[in-house]
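These protein sequence lines are chains E and C, in that order. Taking the numbering used here, the leading residue of the first sequence gets 1, the next gets one more, and so forth. Taking the numbering used here, the leading residue of the second sequence gets 1, the next gets one more, and so forth.
Simulated from the structure, these hints should not be mistaken for laboratory data. Be careful, since some hints might not be right.
Said to hold, decoys possible - Pairs of lysine-lysine, PhoX-like flavour, derived with a Cα cap of 20 Å:
| # | chain 1 | residue 1 | chain 2 | residue 2 |
| --- | --- | --- | --- | --- |
| 1 | C | Lys210 | E | Lys389 |
| 2 | C | Lys27 | E | Lys73 |
| 3 | E | Lys19 | C | Lys60 |
| 4 | E | Lys19 | E | Lys124 |
| 5 | E | Lys105 | C | Lys60 |
| 6 | C | Lys153 | E | Lys254 |
As the list claims (entries may be wrong) - Ranges of calculated distance between the beta carbons of each label pair, as one might list FRET restraints:
| # | chain 1 | residue 1 | chain 2 | residue 2 | range |
| --- | --- | --- | --- | --- | --- |
| 7 | C | Gly195 | E | Thr106 | 58 to 64 Å |
| 8 | E | Glu79 | C | Val18 | 37 to 43 Å |
| 9 | C | Asp239 | E | Thr106 | 53 to 59 Å |
| 10 | C | Val18 | E | Ser77 | 39 to 45 Å |
| 11 | E | Ser349 | C | Lys152 | 43 to 49 Å |
| 12 | E | Thr106 | C | Val18 | 39 to 45 Å |
Ideal Cβ placement from N, Cα and C applies to all residues, glycine included.
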Amino acid sequence: MYSFPDLLYSDVRIEDVSKSDIVVTLGRTDNMKEQRYSAAFIRVFDGERWYFSATTDLDSIQDELDRLASLAKKNRSIEEHGVVRKLQANKGSYLRFDGDLNVFKTSLNEKYDILSSYFPHVEKSELVKFWRGQYIDQRVGKRFFSSKGANLEFDYQRVGFRLLFQMAKDEEQFMERYDLAGNELDSIKGLHEEVRKTVETSEDFIRNARPVVSGSYPVILSPEAAGVFAHESFGHKSEADFMIGDRTMMEEWKMGRRVGSEILSIVDDGNKPGVGNVIFDDEGTKAEETYLVREGLLSGRLHSAETAAALGEELTGNARAVNFEYEPIVRMTTTFISPGELSFDELLSGIKEGVYVDSLNHGSGMSTFTLAPCRAYMVRNGKIAEPVKISVVTGSVFQTLNEIEGLTEEFKLLSFALGGCGKMEQYPLPVGFGGPYVRVRSLSVH
Amino acid sequence: MTKERYVVHYTENAVKIVQTQVSSVRKKDILRTSIRLYDGKSMGVAGALGECNEEELVAKAKESLKLAIPYPYEASRELVREERHRSDLQGEEELLEATEEILQKLRRDQPHFSFSHLFKSARVESSMQNDLGLNLKSSREFISLELVIKDKKSSNIIDAMTGYEGRKFHKDSFIELTNMICDAYMNQLPDIEEGVYPVVFRSDDMTYYKKLYESLNGMLFGSGGSLLSGKIGKKVFSDKVTLFQTRNVEDGFFEPFFDKEGTVNDSDRFALIEDGVVISPYTDKKTAATFNLTHTGSAGGEYDGLPELGMPMLKFAESHKTAKQLLDGQKAIFILIASGGDFTQDGRFATPAQLAFLFDGDRFIGRLPELSLSSHIFDMLGKDFRGVSSEDFLGIENAKLTIMDMNVKKL
Numbered sequence: 001m002y003s004f005p006d007l008l009y010s011d012v013r014i015e016d017v018s019k020s021d022i023v024v025t026l027g028r029t030d031n032m033k034e035q036r037y038s039a040a041f042i043r044v045f046d047g048e049r050w051y052f053s054a055t056t057d058l059d060s061i062q063d064e065l066d067r068l069a070s071l072a073k074k075n076r077s078i079e080e081h082g083v084v085r086k087l088q089a090n091k092g093s094y095l096r097f098d099g100d101l102n103v104f105k106t107s108l109n110e111k112y113d114i115l116s117s118y119f120p121h122v123e124k125s126e127l128v129k130f131w132r133g134q135y136i137d138q139r140v141g142k143r144f145f146s147s148k149g150a151n152l153e154f155d156y157q158r159v160g161f162r163l164l165f166q167m168a169k170d171e172e173q174f175m176e177r178y179d180l181a182g183n184e185l186d187s188i189k190g191l192h193e194e195v196r197k198t199v200e201t202s203e204d205f206i207r208n209a210r211p212v213v214s215g216s217y218p219v220i221l222s223p224e225a226a227g228v229f230a231h232e233s234f235g236h237k238s239e240a241d242f243m244i245g246d247r248t249m250m251e252e253w254k255m256g257r258r259v260g261s262e263i264l265s266i267v268d269d270g271n272k273p274g275v276g277n278v279i280f281d282d283e284g285t286k287a288e289e290t291y292l293v294r295e296g297l298l299s300g301r302l303h304s305a306e307t308a309a310a311l312g313e314e315l316t317g318n319a320r321a322v323n324f325e326y327e328p329i330v331r332m333t334t335t336f337i338s339p340g341e342l343s344f345d346e347l348l349s350g351i352k353e354g355v356y357v358d359s360l361n362h363g364s365g366m367s368t369f370t371l372a373p374c375r376a377y378m379v380r381n382g383k384i385a386e387p388v389k390i391s392v393v394t395g396s397v398f399q400t401l402n403e404i405e406g407l408t409e410e411f412k413l414l415s416f417a418l419g420g421c422g423k424m425e426q427y428p429l430p431v432g433f434g435g436p437y438v439r440v441r442s443l444s445v446h
Numbered sequence: 001m002t003k004e005r006y007v008v009h010y011t012e013n014a015v016k017i018v019q020t021q022v023s024s025v026r027k028k029d030i031l032r033t034s035i036r037l038y039d040g041k042s043m044g045v046a047g048a049l050g051e052c053n054e055e056e057l058v059a060k061a062k063e064s065l066k067l068a069i070p071y072p073y074e075a076s077r078e079l080v081r082e083e084r085h086r087s088d089l090q091g092e093e094e095l096l097e098a099t100e101e102i103l104q105k106l107r108r109d110q111p112h113f114s115f116s117h118l119f120k121s122a123r124v125e126s127s128m129q130n131d132l133g134l135n136l137k138s139s140r141e142f143i144s145l146e147l148v149i150k151d152k153k154s155s156n157i158i159d160a161m162t163g164y165e166g167r168k169f170h171k172d173s174f175i176e177l178t179n180m181i182c183d184a185y186m187n188q189l190p191d192i193e194e195g196v197y198p199v200v201f202r203s204d205d206m207t208y209y210k211k212l213y214e215s216l217n218g219m220l221f222g223s224g225g226s227l228l229s230g231k232i233g234k235k236v237f238s239d240k241v242t243l244f245q246t247r248n249v250e251d252g253f254f255e256p257f258f259d260k261e262g263t264v265n266d267s268d269r270f271a272l273i274e275d276g277v278v279i280s281p282y283t284d285k286k287t288a289a290t291f292n293l294t295h296t297g298s299a300g301g302e303y304d305g306l307p308e309l310g311m312p313m314l315k316f317a318e319s320h321k322t323a324k325q326l327l328d329g330q331k332a333i334f335i336l337i338a339s340g341g342d343f344t345q346d347g348r349f350a351t352p353a354q355l356a357f358l359f360d361g362d363r364f365i366g367r368l369p370e371l372s373l374s375s376h377i378f379d380m381l382g383k384d385f386r387g388v389s390s391e392d393f394l395g396i397e398n399a400k401l402t403i404m405d406m407n408v409k410k411l
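One chain only, chain C, in its complex shape (with noise of 0.2 Å):
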């Protein structure tokens, strides 16, 4: 019987924001721990949230192992890895400072913004250790700034956002970006002609990925109920379409380079799509065993659980053209806020965009009417597909954009 231990021990810094003036601070420190046993057929787990005694978690695995929940996979084995990432302001004192200076900052600069919500500093240490040699260790620090902004004017709750999550604090890009959120909210243009236009998104912006999660999701995938089932190594998207599942803390994921199954990717990355060719879904032990597709290490699921089928961070490989090469010379629409729009199950998509700037490439000219998106999944990422930026959006960490052209239409 194999025995493993998983850990994961999570600590908070937070400063929330009302009204551009600091409401609260906050502070967590949450420890998780689990051990799992593998007999060769069934695992058992057992957890439990703070500090623990192990052999009473130890003798729950057993009684857990009684359910005889299947699990025929070897736990992982022989891999050694240890790493800790840094970030910047992880002192409660040093936070609540930073958070004060840009508050005071954009009180100054921005008097007709409120701006509220929070600004967080964490640490995600986790390991997973077992009886076969493996012996994972990550520590990953990073902060969040995000911030609702509201016109002092407007009856509206939210009216535009800024933010970004990261490990260096990028005090004057964030006030920057801020501020021209701001003055290009400020600056109303007028009614925009329907058409076809590139449309900016920032990388870590849902709206278009989403349709990605469900279509890559090994288990859909292999019985047969994703629009890409059948599909492995035929091409789909545009050669210029290379998608990972990425763990890489440099793609701001700050989560551990291994997955619940502890397993571990070269570069952290697996490519799921590449060149617009579909190489895999994404598949945990079990998916990849169930449908005979490659294994890609993307187990999830709770910490006091077996594992199961999660959600990787999903990543658009970087062109080599920035934003205004890929625009080569065209305005574009930067979406900011595009909220509650959808695929239809055959790959359509349609979406309202309710804060649109227009967009030279370098920075935002002025505000948008409210506009209506629409397109289809296979020309999103085919024929209509630019690419993805080669430079951070205004130097900040992860703030890649991802151009595509798309049907615009006044709502």
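So here's chain E without its partners, still in its complex pose (with noise of 0.2 Å):
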């Protein structure tokens, strides 16, 4: 189909793209559309540099890999370069949305009708002073050619809602949201118990909460909560692109090097359903179990095929783009915390003073991880208590992994309508992550 330049590595990545997004504030409709495009993004490696182009115009694609080619310099042996070895060149149609899956097959309309089937949730709460219900889906149909011999066709859709309010009561606010997306419409059908306990949780938080004593607690996390911290505490230390040429942190995270408590586990797949869905990924390899983390010990990276060149280690599939315009770099797919085998009420008990982080506004993981919840209780003598707000909870990443005492055997993956995760530019990427409830011995609750 193309003519790849000679003696360099050379790839296109086509996106074949249908949106829709639908948007109700306070019962009005702000928006609702459709959107079809296509794009590429084209690579040329010539061994020490690459150089890419990002084009809408798929009959200059050609042109654009010609152009790139005269930038880059000849190599007669780009293809023994540990890079180009480890590329995979997978051929193949993989579509498994273009059936009946595919939820374009269902109108604007129709679409509509299951979103607003959620708002009389927040419309009869008193509390309730602003609502907006936000609908969205994406297909994705992804073409890979290479100058090894890539043929491949993949799919991607996500669908999802979110149901974001916000309360006031006297002088107190309170904003929450219900944020649902999976791989299929089904997936946000008939949400209604879930979204009206939701509505409910949060009456009663605004109504009962008071700002949490600062200080040192044992700590609850919910799913979302123990996904969101292994997402941001441990997963961006897993991308490998942060460690290429960094000796320190090479021997810091040597492979069997005890990171936490002999109960935890971190797996990264993109082969589970959901946001993070990505069977193939944006170098065209194929996506693979990852224990990041297996019984405490060090036991995997995320690789693209320049970090997996690099390190000697073998592809993992997460070289992913956020979009076309953008060449594919190290991320995560789904990433959870395995479950353990606890009740929740196990989990509670002999907590005499603790906090449990229900849901979250959001998270950062640097040296110090940080998690900003959104609802938050006291657990008293082993029980879920009072409400409490809570700006910021945060700790040692090293210490909070080694100090992971309890996990449940109940276990959720999430996946989000809206949002996504950050690396530098590239903003939002949709991923999935999750685990079971957890318990922390000690963080600091602010």
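With the hints as a guide, bring both chains together as one complex.
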């Protein structure tokens, strides 16, 4: 199909994108649209440097290949280069969402009806002053060709909605959301009980929450909080592009090093359902289940071809680009803490005074990680007690990983419709996350 | 029926840096076109990426009109303005050359550190024209030099950051800033006594702005869901606090001077808070009409969708004092990285500060241990607000310093 330049590696990624977006604010439709476009990202590699171009003109792809090649230095040994040798050359068609599961077989009006079926839950609350409902879906057909002979077609689909609401009572305000996504339209149907419960729990929160007394507490993380914790505190550190050429990091992050408690395993897997379902990455590499931590020991990293070659490790299928305008870089797919064996009551038992983090606004991870809770509660004498307002929960990443002392058998994988992971300029990338309920011996709570 | 054409053409050259070496170069050239049709009750919109057939777009916009999405506001009219602002380093070659020059200097000056991330130069060309005499054209170029700094002996992903966004290539100042950060990083200071300190943020640091975005959102404000709801005309902050929404290129805003509804403000700014008094939340036509608020020209949204309330760039007015004068002889805590903190719904604030330097008003003295900062929005912008420096830090564009007293504890 394309004439790839001699003595260089090159590849072409074409994205055929269909998207829908419906926004309703306080009962009034703000936006309702469908969008379709095709665009491409082209890469050329000469063994020393990469040359990239993003274009919306598919007819110019060959010209762009030739232009980038003219900037590069021809390399007679390019096929023996470590990065090029690592790259897979997969072939075939792996379209999963082009039949009945294709969300674009459903009309925009039907999608509006699904979204609006949830509105009564916020409309009937006296405390809700502002609300917004948003439905999104996206189907991306990807075609990948390379000078190594890759000729691959696969697709990705996500469907989700968010109901955001702001409550006010006297001088108090409280903003919460119900947000869920999956790979098919059925993922977001019939969730009335869950939405109703979120609104009711929020009403209780705004009525009764008091500022937390700052201090160090044993903390119980919900699957949402645990998933975000794993993603922010450990997931990013497992992205191998951060350690290329960095001897200190490579020494610190040797495989087999103990990084957490023996009950802790953290996994990244692009085959799991949800918005992080990426069966091939944007270098045409098949997704793998990668144990980042297995029973407390460092056991894996996330790779692109470049990082796998540099570190002498195997590909994992984690080279992703947020859209056609960007090159693939090492990103997570679906990252989670593996479940344990306890019941929720067993997890709480023995806690005289602690904190339960139920839902989150956001999290971040450097050497100190943070979780900014939305809804949180005190735990007293082994039971969930009064709601509390918390700005931020912090801890040292490695100390916390080693202080995980309980995991439930109950486990959830979560996908959100809006937002996503940010890394440098590429935001927001849809990722899945989750885990069991997790007990941490001690964290700082403010 | 009014027809309106909105076009955004974004071009960019970027150089990616890994371990203080150029690892890749990237070019982007993205054209987005949309057609809007107003019939007095609704708007129909259709957009396309890349070159397109406008007649087809008009036909699609007519189809979209049948969805009857309410938009009973008149299109902006009878306004003609064209401007062009250039920047340095727009050529692919000159950007690469400048990057290599800086990296060579840093390899020599700071051998204990490695530097990664991105230098780019970009141009945003936007136009909006309609049948009612609206003809707006904006072309703004800028450069962005951003580096993640890593101590070669550290096992962290990120140890520090440096960078700026502007129109001039401040090579010497950028190198001076980066060297100052690295040198201060290497000078680890002993423990700090806990207490109240002046804390310095760069004016582009969102850490302390977050609550203002939420509290001045016209939709939340008007519906009673904001901390500032019902407080128009009331003094809620220090009289040193004047806050603008801005599209002024001199404030480091590189999108067009008009919002997504073609609204243009005097001096491309609108004061939302003046001398501590709430003037207005930020609004678009719909929000202003729905809640009987002042229209401030803050429409955003995707190019191929109906305009909706956007998030404007917020900027505090500078004081007449330098940072040194604002500190009045005190040493301050300069925040380089404060990641992950937040405000509670009622305005309490807490954040870890992963990287902070002791600062004398002119230069960094040394690196402080990781800290925890806390306060309340009404104190941060109230009694504890010292002001925004009159000068840019080290003469780098858009690098004013905002100073406020906060509670500081060890982490």
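Each hint tested on the structure:
{"no.": "1", "hint": "C/Lys210 <-> E/Lys389", "in the structure": "holds (17 Å)"}
{"no.": "2", "hint": "C/Lys27 <-> E/Lys73", "in the structure": "holds (18 Å)"}
{"no.": "3", "hint": "E/Lys19 <-> C/Lys60", "in the structure": "holds (16 Å)"}
{"no.": "4", "hint": "E/Lys19 <-> E/Lys124", "in the structure": "violated (31 Å)"}
{"no.": "5", "hint": "E/Lys105 <-> C/Lys60", "in the structure": "holds (19 Å)"}
{"no.": "6", "hint": "C/Lys153 <-> E/Lys254", "in the structure": "holds (15 Å)"}
{"no.": "7", "hint": "C/Gly195 <-> E/Thr106: 58 to 64 Å", "in the structure": "holds (60 Å)"}
{"no.": "8", "hint": "E/Glu79 <-> C/Val18: 37 to 43 Å", "in the structure": "violated (23 Å)"}
{"no.": "9", "hint": "C/Asp239 <-> E/Thr106: 53 to 59 Å", "in the structure": "holds (56 Å)"}
{"no.": "10", "hint": "C/Val18 <-> E/Ser77: 39 to 45 Å", "in the structure": "violated (22 Å)"}
{"no.": "11", "hint": "E/Ser349 <-> C/Lys152: 43 to 49 Å", "in the structure": "holds (47 Å)"}
{"no.": "12", "hint": "E/Thr106 <-> C/Val18: 39 to 45 Å", "in the structure": "holds (44 Å)"}
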